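Visitor: Below, each chain spelled out in residue letters.
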Amino acid sequence: MSEENPLDLEAIRSEWLGVEFDERTFEPEASRMIAWAEACGETDPRFLDENHPDFQAPPNMTTIFNSGRFLPEGFPNIGSGFGIDGGKTVECLAPIRAGDVLTGTATIADVFDKTGRSGTMVFIVQRMTFSNQSGEPVSVVDWKTIRGI
Amino acid sequence: MILDLHTHSIKSDDGRAKVENYCKWIRKKELPLDGFVLTEHRQFDATSDYRHLEDEYGLVILKASEVETDYGHVLVFGVNDDLVNSFDFAKVDNPLPMVLEAADRCGAFAAPCHPGRKNVGLFAHYENKGAVDGVHTVEVLNGGSIPGEDELSVEQAGQRGYAGFGGSDSHIVSRIGYCATDFDADIADIDDLVGALRTGNFRAVTYREQES
Chain A
3 MSEENPLDLE AIRSEWLGVE FDERTFEPEA SRMIAWAEAC GETDPRFLDE
53 NHPDFQAPPN MTTIFNSGRF LPEGFPNIGS GFGIDGGKTV ECLAPIRAGD
103 VLTGTATIAD VFDKTGRSGT MVFIVQRMTF SNQSGEPVSV VDWKTIRGI
Chain B
21 MILDLHTHSI KSDDGRAKVE NYCKWIRKKE LPLDGFVLTE HRQFDATSDY
71 RHLEDEYGLV ILKASEVETD YGHVLVFGVN DDLVNSFDFA KVDNPLPMVL
121 EAADRCGAFA APCHPGRKNV GLFAHYENKG AVDGVHTVEV LNGGSIPGED
171 ELSVEQAGQR GYAGFGGSDS HIVSRIGYCA TDFDADIADI DDLVGALRTG
221 NFRAVTYREQ ES
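Just so you know, the sequences run in chain order A and B. Start counting the first sequence at 3; every next residue gets the next number (this note's numbering). Start counting the second sequence at 21; every next residue gets the next number (this note's numbering).
Source of the hints: derived by calculation from the structure; they are not laboratory data. Just so we're clear, the structure is a prediction, and the values are computed from it rather than from any experiment. Check before you lean on any hint, since a few could be wrong.
Keeping only pairs whose Cα atoms sit at most 30 angstroms apart, straight-line, the calculated DSS-like set for lysine-lysine is [unchecked claim]:
#1 A:K90 / B:K44
#2 A:K116 / B:K138
#3 A:K90 / B:K111
#4 B:K38 / B:K49
#5 B:K111 / A:K116
#6 B:K31 / A:K116
#7 A:K146 / B:K111
#8 B:K49 / A:K146
#9 A:K116 / B:K38
#10 B:K149 / A:K116
#11 B:K38 / B:K48
#12 B:K31 / B:K44
#13 B:K31 / A:K90
#14 B:K31 / A:K146
#15 B:K38 / A:K146
One chain only, chain A, in its complex shape (with noise of 0.2 angstroms):
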């Protein structure tokens, strides 16, 4: 890094990429389901129609599950505040069906810095994997943070 940025990217990165640091359990109702596809825009009536035979969440759904805590215990302090959304990616892996019991799973999946018209900038990604109450991995949302340094 250069002197104006003496922080150690490789050594956090060393440190705590993969850690799992928190774990929820959330259970998606038909009517919160039906409810973010209508504000989603949804027009599919696999994700609007609860009687619907493939009824489902709507692929992003997961995205407003979040783990009580952004980052570990311990982590170190990267700028200051709490940043700016980076935007999600959301991987679907299986269907989410109303009544399923998913367990999230928060890890650092990346830390990595950039340089912009702003300055540099440190982009830490925060990954939420989920299951079912089956043990089936349904999703993987990857939550960026950009921070000033």
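With chain A fixed as given, assemble chain B onto it according to the hints.
Guide: Leaving out everything else, chain B in the frame of chain A:
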């Protein structure tokens, strides 16, 4: 022959465009592009093969890199194994002279992009640290520039005798072709592109609609 020399696909962390969707957009909108170069951030995508898209859409699709240096961002065309092993593409503070030297040594072509941009543009760093030997070509038209940035790039490049090319810096499909480069030579592969850039026989062009 007109190529957009600066585009990003979903291979870049902030890219939202699929390569095939770029192709569809170019044809749907009848853009005057003969092809484009994918310049993914801080990496070289050695594995993706877009030849089937070249055939299907009649476009030249080439791969390069956008790396970050202590003098701002730099496009590197003609990336090969030797160059990939010469420095860490993922770092954000590679010394510019080292990147230029490595590119020359490995048969590639390195040129700073959006040089008129604050913090990540060459000329902002020139003001603070002085000029760097070995720079000969810069991106003078960038589709992501805000007012004043390209004007500074054109002015400074002209004063310093740098050749200038153009690229859209597109991260979404609708931005491709905002800026591009018109070459005298025909270009079919990355070696042709590196050769054409070395000749200096090209012009930056823009197709960005004038904002009212």
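Visitor: Report the numbers of all earlier hints that the structure fails to satisfy, in ascending order.
Guide: Going through the list in order, the structure violates hint 8 alone and respects the others.
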